[in-house]
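Visitor: First to last, the sequence lines map onto chains U and X.
For reference, each letter of the first sequence is one residue, going 6 to 108 in our numbering.
For reference, each letter of the second sequence is one residue, going 5 to 329 in our numbering.
Please keep in mind that the hints were generated in silico from the structure rather than gathered at the bench.
C-beta: ideal position from N, C-alpha, C; glycine also.
One should not assume that every hint holds.
Straight-line alpha carbon distances no greater than 27 Å define the calculated DSS-like cross-link-like pairs of lysine-lysine that follow [claimed, not checked]:
{"hint": "1", "chain 1": "X", "residue 1": "Lys181", "chain 2": "U", "residue 2": "Lys22"}
{"hint": "2", "chain 1": "X", "residue 1": "Lys156", "chain 2": "U", "residue 2": "Lys104"}
{"hint": "3", "chain 1": "U", "residue 1": "Lys15", "chain 2": "X", "residue 2": "Lys189"}
{"hint": "4", "chain 1": "X", "residue 1": "Lys156", "chain 2": "X", "residue 2": "Lys22"}
{"hint": "5", "chain 1": "X", "residue 1": "Lys277", "chain 2": "X", "residue 2": "Lys68"}
{"hint": "6", "chain 1": "X", "residue 1": "Lys108", "chain 2": "X", "residue 2": "Lys68"}
Listing some non-contacts, in silico: residues in chain U with all C-beta distances to chain X over 10 Å [stated by the list, open to error]:
{"hint": "7", "residue": "Asn10"}
{"hint": "8", "residue": "Gly21"}
{"hint": "9", "residue": "Gly32"}
{"hint": "10", "residue": "Leu55"}
{"hint": "11", "residue": "Gly56"}
{"hint": "12", "residue": "Asn84"}
Spelled out from the first residue to the last, the chains are:
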Amino acid sequence: MAIVNTEFIKNISCSGKFNASACMSCGTCTALCPMEINTLPRLMFRHVMLGLESKVIENTENVFSCLLCKMCEESCPSNVHIAENIKCIRQYINQEIFKLGRS
Amino acid sequence: MAVPIKHVLGILVDNLIKRGNVLPLSRRNSVNWAKGLNIPMGGKTVIYTGLMYQLMPSIIAMEKISSKFADSWISNFYGVGRMVNKVVNISHFMTWTNAAERAKFDSTLRNIACLLQVAGVDFGYLYGKEMYAGALVHDEGINDVFEAHAHKVYERLKKHNIEQVITVDPHTTNMLKSVYPEIIKDYQLEVKSYLEILAESSLKPMKTLEQEIVIHDSCVYARYEGIIDQPRQLLENAGAKIIEPINTKNMTYCCGGPVESLFPTKARIIADKRIEQLASAGDNSVTMCPICLVNLRSAAMKRNVSVKDISEYLVETYCDQTNTI
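So here's chain U without its partners, still in its complex pose (with noise of 0.2 Å):
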């Protein structure tokens, strides 16, 4: 069972740089990946926006594989800031779960 979490877009929104709730999820992103990991980064950014912390958390590895080299992004027909977000995602982990940072 799925557990939603209400505040976990507010908390990953990174000063309101996270911009996903413009994905209309057409795929051309994780059809375009090298990666070729099917959760990159659409379904990411789904989980994000329906609150499934969990979900993210499970798929950590997955997050970090990206390589932030854009290729999704220029094919993107809504203008998605696709490697912010995931920086962002990678932010709130850094910070919450691997506790990285200057303090």
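Use these hints to put chain X onto chain U, whose structure you have.
Guide: Just chain X now, with coordinates in the frame of chain U:
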């Protein structure tokens, strides 16, 4: 089992906070490339290496070790390694570098300095005062550490009254040109890649490059910074015939380098795919990023094709090598 993400990132972060760089690099190895070139210290315009080419031998050494550990029981001890690394610089021992590799990457920087000089650019260098720009921690999303580091780098540049920097690799270019202005208030620094500077100059070839060259665009130059035409212009002006591979310009294909530190096996698969694309276009490829160079070079050896840094071709045609600076 992959290498543990948390601990690998932790080591890089600890190194950046404690030692000013993600991997250890001695002052001597940072500035050795400039030996004998008589580049003045500081000035309004400086060449900014961001230590990227100098770091490559350490990155190669580190990756050799991490790819061995990635699938072994030793990866369980990364956490212990991180604890020890806080006190004793163990990454220093893990990144024992090869002198021939160091000489190779130093020569790239010497080539770039020679090209700028021939183009009539008046520039200085910050020598041991130059700092790594922080691209790796930025990309991995360790924002507070990155932002604090970026401010330090900018303060250092301002302290030396630098007004313009000439960058030599795409990652440092992107940091100083596009990322820093977003996080630093009243940011005032003109940033250009040496490829832009050379393309704007009236550089004339001394020797014709009668060669077919397959061009591999860096993702960061092409898609983040829109630097696509300049390398082509410089090679074509010298007489080279540019061959475009299947994925090129704004649709270029990644070299795999960005995931090398965490997932070396995945990085190699991507590099092999890209080399296959480049090799089917021709035998001689050119890169303009040290990370692309390192990743593609090992994949190229298996295919018996050549991958060179663009500066190697440019110096051959635009600089009188018997009279280099």
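Visitor: Of all the hints given earlier, name the ones this structure violates by number, lowest first.
Guide: Every hint satisfied by this model.
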